[in-house]
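Dock chain B against the given chain A, drawing on the hints supplied.
There are 2 protein chains.
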Amino acid sequence: MKKTFLTLLAIVALAAVATAQELRYVDAVDLGIHGHTKKSDISPFYRFDHTPYEGFNKTIISYSKEPVGLYVAFKTNSSQISASWEWKPRRMGDNITGILQAGLDLYIKENGKWKFAAVGRVSTLPENNKRTRSLIKNLDEGEKECLLYLPCWCELTKLEIGIDEGATIKGLPSPFRHKVIVHGSSITHGASASRPAMTYPALMSRNLGINFINFGFSGQCKMQPQFLEFLKSCEADAFVFDAFSNPSEKQIVERLENFVAELVKAHPGKPLIFIQSPIDQDSKFDTKKYASRMSLTATAAKMMKRLEKQYKDVYFLAVPDVLGTDGTIDNSHPTDVGFDRFIKAYQPKIAKILKKYGIK
Amino acid sequence: MKKTFLTLLAIVALAAVATAQELRYVDAVDLGIHGHTKKSDISPFYRFDHTPYEGFNKTIISYSKEPVGLYVAFKTNSSQISASWEWKPRRMGDNITGILQAGLDLYIKENGKWKFAAVGRVSTLPENNKRTRSLIKNLDEGEKECLLYLPCWCELTKLEIGIDEGATIKGLPSPFRHKVIVHGSSITHGASASRPAMTYPALMSRNLGINFINFGFSGQCKMQPQFLEFLKSCEADAFVFDAFSNPSEKQIVERLENFVAELVKAHPGKPLIFIQSPIDQDSKFDTKKYASRMSLTATAAKMMKRLEKQYKDVYFLAVPDVLGTDGTIDNSHPTDVGFDRFIKAYQPKIAKILKKYGIK
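So the sequence lines, in the order shown, correspond to chains A and B. In terms of the working numbering, the first sequence opens at residue 1 and continues consecutively. In terms of the working numbering, the second sequence opens at residue 1 and continues consecutively.
A few of these clues could be false.
Any copy will do: because identical chains look the same in the list, a pair fits if it lies in one copy or spans two.
[Stated by the list, open to error] Taking lysine to aspartate or glutamate pairs in the EDC-like style, the calculated list, with each CA pair at most 16 Å apart, reads:
#1 K284 / E141
#2 K288 / D140
#3 K115 / D321
#4 K289 / D140
#5 K158 / D27
#6 K305 / E257
#7 K284 / D140
#8 K265 / E229
#9 K170 / E262
#10 K284 / E235
#11 K309 / E257
#12 K302 / E257
These aren't lab readings, by the way, just hints derived from the structure by calculation.
Isolated chain A, as found in the complex (with noise of 0.2 Å):
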C-alpha cells in the first residue's frame, strides 16, 4: 500500500515536472508594465517615486511601493496562461480578500470587450509570499489580447508569466486612452472590491475605455502638502478626486482650498472632478459617528459649490446614497455591489465631463 503511493507519488511528481518543463517563463517587466502615475527608477512595480517628495508617512512610503491599479497588456497564442509571481510577506487584512491583495486577474478580449478568465489565487499566510500557478488552461487557437492586474495590497518583487514553450508572447501599449488620474482613499484604493480589476478605477476603464489611473492611499488621502506637489508635477489630461473620506473637517478646511487653487495652476484647463464620500446610510445607528461624518461631508460640500463657482474646470458630483442597503462590508467600504451602484452613478457623470475636454 505504501509502495503503491510512493510510486504514485513519483509519477505525479514526474507529471509536475514534464507540465512544468512544457512551459516558458517571461518576465513581465520585459512585456511592459502599465498605469503608473509616473513611473519609478527604482522598481516597474512601484505605484511612484516617494523620495524627491519629503516627509510621506510610513504608510505611504509601504504603499508608494505597491502595484495598485498597475497591469501587463499583452498578446500571445499559448494554449495555457500560468505566472510565477512573489511579495514581500504582508499580514493579510479581514475586510479585503487574499486574491485583492496579493493575487492576479487575467482578463481576455472577446468581441472588443474586456472579459474576465481567472485569477491568480493566493495563500493567506504572510509567509506564503511565493506562487507559481496555472491561470487558465486550454484556450482556443489563435492569437489572444490579455490584460493581468497587478496586485493591491503587497509589494510585488516578481512576476513571470509563463505560456506554452513553442508559443509566441509579445508585450502590448496599454489599451485605454489618455490619461485620468484618480487620487483617493481605501475606496479608491480598491477597499473592499473582491480582486484587483474590480476596483473602481480599473472597472471604469475597461467600460469606457478610458485610462484611469488609481492613486488610491488607503486612510491616507488628506490632500498634504507631498500629494500636492506629486500631483502638480505629473502629466495628465483629467484628475478625479475622492478627497472627503480620510481628511478631518478640520484638515479640510484647512487645505481644501489652496489645494484646489494650486491644481488648478498647475494644471489650467484641465478638469478637476471632485466626488464626494460615499456614505454609508446603514451606518447612521452611532449617532455621533454620523453626525460627524454628516457636518464633515456639508462642509466639503458647501466649499466644493464655491470653488465649482471660482474654476471653470472644477467640478464637483454629490449622488446622494449611493451605495444603497448592503452595499459595504464594514459601513464604510463598498463591496463589488457597492462599487457597481457607485459606478452606475458617477460613471456618466464623469464620462460626460470628460467628453467636454476631448476624452472619451
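Coordinates of chain B only, in the frame set by chain A:
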C-alpha cells in the same frame, strides 16, 4: 519620552479596563440561537448533529460544527453593543474575507426593516482566534430589536454580547416565518459573500421575512445518501436545492432521480425547488472545463424537466447567465454583486412558488 509613553500606556490601559467594567456580558446561548435545520445536543453553535449518520467525510463533519446561517435575535436598550467570541484556529481562505469566515454582522430593525448596523472584525492569523470588540456605540435612546449573524467558516466555541451595565437585554424568537431549508454548495454556504449576512439565504430571509435555513456545504453537496437521510428526517415547509454545482455528471445521473423520489415521499405536499447552478459565462475561455460544465448542466436540466412533470411539487428554475459580467471572484463563486443579480432573478420565482403553498 519613554516615561511619557509608559504613562500614556497606563492611562490607555486603565481607560480600557474602565470601559470593560462598564459593560455587562451575556451568553448568546441564553438569548437563543436560531437558524438550525435541527438543533444539535452537542453544541448550540453546531448546524446539525452528524453523529447519527455514518459515512460523512471529514470536511462535512467539520462543517457540521460551524454556525453557518445561525443568528441571535434580541432586544436591548443599551447605548452600545460589544461582542466577545472565540473560535477554533483555522487558516483563512483567499477568496473570502476574514469577516465572512470568523466575523459577526449586527443588524437593527428600523421602520420594520433590518438594516446593517455594524460588523465584528477579526484577525486573519489563525492563532488570533479570540476577540472582544465594540460593535457599535452611541445608539439613540429606546429599545432596539437586533439580529447578530454568526460566522460562516469557523467552529465557534463562545459568544457573549456586551451591553451597558444598567441596560436590559432579552432574547427574541426568530423574526422570520416558516422554515425553508436551502441545501447546496459553496454558493449556498456563502462563498464569496462579503460577510455572514450577505449569503443568499440570509438576504432572502430579510427580503421576504421567510426563514431560509442555510444548509450549504462548500464542495460537498453531492446528493450523498447521508444528506438524503438527514433531509428526509427534517421538519420543514419547503426545500430549495443548489444541487448541481458539486456532483459530477455521473453522480447526477446516478443519484438525482432517487434523491427526488425519496424526498417527495418523505415530504408529501411540500415544494422542492431545484435551482440551476449559476455558470459564470466569463469562465468559458477554458474550453474544456466550460464544455464539461455545459454538458453537466444540460444533463441536470433534462432530468429536472422530466422530474418536474412527474411530481407536482417538484420545481426547476433556470435563469441563463444569471451572474452577468464580473459577477464572481474566481469564475465560480459570486461576490455581493453576483448574489445581488442571483437574488433579483431567482427570489421572485421562489417567492411565487412558496406563496402557492401559503409560505409568504
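Hint check:
1. K284 / E141: between (54 Å within a copy, 14 Å between copies)
2. K288 / D140: between (57 Å within a copy, 9 Å between copies)
3. K115 / D321: between (30 Å within a copy, 14 Å between copies)
4. K289 / D140: For K289 and D140, only the inter-copy Cα distance (12 Å) is at most 16 Å; the intra-copy one is 54 Å.
5. K158 / D27: within (8 Å within a copy, 49 Å between copies)
6. K305 / E257: within (12 Å within a copy, 66 Å between copies)
7. K284 / D140: between (51 Å within a copy, 10 Å between copies)
8. K265 / E229: within (12 Å within a copy, 74 Å between copies)
9. K170 / E262: neither (41 Å within a copy, 57 Å between copies)
10. K284 / E235: neither (40 Å within a copy, 39 Å between copies)
11. K309 / E257: within (13 Å within a copy, 70 Å between copies)
12. K302 / E257: within (12 Å within a copy, 66 Å between copies)
Comparing the model with each numbered hint stated earlier shows that hints 9, 10 do not hold.
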